[in-house]
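Enquirer: Each chain, written out:
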Amino acid sequence: MSDPILKVRDVTREYVIGGGLFSKPRVLQAVKGVSFDVERGSTLAVVGESGCGKSTLARILSMIDPQTAGTVEIDGLKIDISKTGISKEMRRKVQIVFQNPYGSLNPRQKIGHVLEEPLLLNTDMSADERRDAALAMLEKVGLKPEHYGRYPHMFSGGQRQRVAIARAIMLKPKLLVLDEPVSALDLSVQAQILNLLKDLQDEMGLTYVFISHDLSVVRYLADKVMVMYYGEVVEYGTREAVFDNPQHAYTKTLFAATPDAGVEAIRKRVAAKKAATAA
Amino acid sequence: MALLEIRNLRVEFDTAKGPFRALDGVDYTVDAGEVLAIVGESGSGKSVAMLATMGLLPDTATITADKMEFEGLDLRTLTPKQRRKVIGKDISMIFQEPIASLNPCFTAGYQLEEALKVHTNLSGRQRRERVLELMRSVGIPEPERRMNSFPHQMSGGQCQRVMIAMAIACAPKLLIADEPTTALDVTIQKQILDLLMQLQRDSGMALIMITHDMGVVAETADRVIVQYQGKKMEEADVLSLFEAPKHPYTRALLAALPENATGDRLPTVSDFAKSFAAEEARA
Amino acid sequence: MSTSPKADSSALVEKLERESRNATRAMLAEFWYYFSQNRGAVIGLAVFLVLVVTAVFAPLIAPHAPDMQYRDSFLVPPVWQEGGKWDFLLGTDPVGRDMLSRLIYGAQYSLFIGCVVVFVALTGGVIIGLIAGYMRGAVDTFIMRIMDIILAFPSLLLALVVVALLGPGLMNAMFAIAIVLQPHFVRLTRAAVLAERSRDYVVAARVAGAGHFRLMFKTILPNCLAPLIVQATLSFSNAILDAAALGFLGVGAQPPTPEWGTMLAEAREFILRAWWVVTFPGLAILITVLAINLVGDGLRDALDPKLKRS
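Chains as they are written, first to last, in the numbering used here: chain A, 13 to 291; chain B, 3 to 285; chain C, 5 to 314.
With the rest of the complex left out, here is chain A (with noise of 0.2 Å):
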């Protein structure tokens, strides 16, 4: 049964540069009328290079910038802040968690403020309620009480992700836009992390909206993906169709640069290069 809680329909953003004392202005169009449904409960995975629109369009799904066209409707509801704004129930529904846990993170404020800033903002809860509510998201994400009263800075960059992500669902939102939320980390890290967002699906049930640009994360983590390339939607499909099917030359192109750690392809290679040096 279909249950789409996130429906995007022919989304445009575009940016308008220069425009100086002698340059006419440009208009540069990030994101070039994109379409697609997430159903609740699953995990979307839009991959595509730098400036490739694929933060564009978290930023316009989260919240952050307005989109020039198009309508996004999460949950039921319509969102279109350049008209609207944004209310405490818009809120709710979606928060994201970006890729750099070191810029993420308000160096001056403590891991116990950052994650009862939103509470304060958006709830009515009292100071003592928020407490035990942050104390209590700190254990689900795998972090310790004592952290609360902690800098950012004391802690390694698994452990900020972990805040970041904990700060992002202290909402209990719907919707969770992850803007590359590991490829800033060590691998060993990566993989506690992904385990950790795998958890919380399950647990909260909450949809993702997965940006990334490594292929083998995305292969682990997405239930369907979309490619895009130049602000447009080259591929989308399911997982399993995107992955053993590729359609457009771009995808193709995508998977044969990402390495192989594979140990034929290592085989094959280390082979060639002794033929080469032995000819």
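Errors might be hidden in some of the hints.
As the list claims (entries may be wrong) - Derived DSBU-like pairs: lysine-lysine, alpha-carbon spacing no greater than 35 Å straight-line:
| hint | chain 1 | residue 1 | chain 2 | residue 2 |
| --- | --- | --- | --- | --- |
| 1 | A | Lys280 | B | Lys87 |
| 2 | C | Lys222 | B | Lys19 |
| 3 | B | Lys19 | A | Lys285 |
| 4 | B | Lys192 | A | Lys285 |
| 5 | C | Lys222 | A | Lys95 |
| 6 | B | Lys19 | A | Lys286 |
| 7 | A | Lys280 | B | Lys233 |
| 8 | A | Lys100 | C | Lys19 |
| 9 | B | Lys91 | A | Lys210 |
| 10 | C | Lys222 | A | Lys186 |
| 11 | C | Lys222 | A | Lys156 |
| 12 | A | Lys100 | C | Lys222 |
| 13 | C | Lys19 | A | Lys152 |
By construction, these hints were calculated from the structure, which means they are not laboratory data. Remember, it's a predicted structure, so these values are computed and weren't measured experimentally.
Add chains B and C to chain A, keeping to what the hints say.
Expert: Chains B and C in isolation, oriented as in the chain A frame:
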């Protein structure tokens, strides 16, 4: 004889919380014409080792080694002047952030020429010829035009190509690449890696790849050193490392690759901590 | 589970607060480590503290009242020179007042001037700079052009004009200096805000629902403080210097106030006959300004994240 030989390298930094040991007694040997990959996560000391070799660490670092030789030349006792003769000519290095590694005030061609001016005695015209030749050899389209481009007018991939051209300008015997493709897109990464491998094959220089990406290791290395928290965990040729990793940490790293995922959860390094501790106890 | 849930939670609260205090203390310890690496800054800080103590306890320390005239001792030289008296360690001025006592009381004025001027300039500058940097666009342009105009005047000249409009006196002089120093704070704040406002944590606070005021003052401002603190220290010494200059020109503190600059002005005509009447106030200004500047340098070392390895 090995091209670069380092024995028992230790590096310590002074910090507010007392001395911090970034590297703890690690050996490195690189033979001519070999591709060595140093893999590790942040904090493993993989970059520190090579920066120490190049003499590029800040004053707060204390470097000690039993042996540190490049072609029989003791790197520990070099004066800054002697060091400059070796560094940049026989050993050169490329970095992670290609756009930040180039001086934004000068054109790509000018910066390439600078490198030649210091280490060769070519005439101005010859230098320009050589710059064009170099740019062509690293696959920069329209080198005549690109010569006069500033770094901000080029893409990350092109900047990294310029960096590579600069690094190979004096035909080094050893090229150190510190995470050369981390800041680049996958398709560009592929091109840059291919370029590096081709240059390495053609010139026969030795190449040290510092990286955290097992995929990059698999695509490039002959031999691999795995580091963790300033110590060497394992050293092996690439095939046996991927086929039969000996150290639990290496096994953990390989298992944490999402493409190797079996079942619903990824194994993490902490899952391997137990077997790791057991192994330590036995040793 | 013998303890009641209430006792449990209060124990937890206490533990959290202890952790929180520890974190704050660790921050301060790190700050002190980097600050104390700079020898000059520590010396500067020591001198400055001595100055503060002197100013606070001036009535106890000073051997004489600052405006007490000893009719039998005009222009007595310092004690180590021929004709010096043990009563007047640093000699007396042309109307028989003890130099040392006047200098000690003068420290009060200097610190007062520094504090007031920096407070006024900082508050005004930070608010205007925050608005300019946060709003961008026309507001930004408007504010910055006004600041450019203020900066285009030689600072002392502008201060003189303001004092000329308001009338001479210490209060007006301080106000004038604050106006002159303000644009520096505006520019600095604006630059810092511009750098911070596009950072991810600001966007994250916005997504969490923070309004403009909260973003400006609670999210962005604390992260812009480092350069502002440094600038504030340097402005502190600037204010003392400018106040002394205005006092010297006769439009600042009015005689018989023992303000260092005013003291210099009063004694100007005796400069050839009695070197001590100008040298000691001059030295006092020099040492104070130097000490504060050294502290400022140390603060820059300790607070500038670029110089620190994270």
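Enquirer: Please write out, lowest number first, the hints stated earlier that are contradicted by the structure.
Expert: 1, 3, 6 and 9
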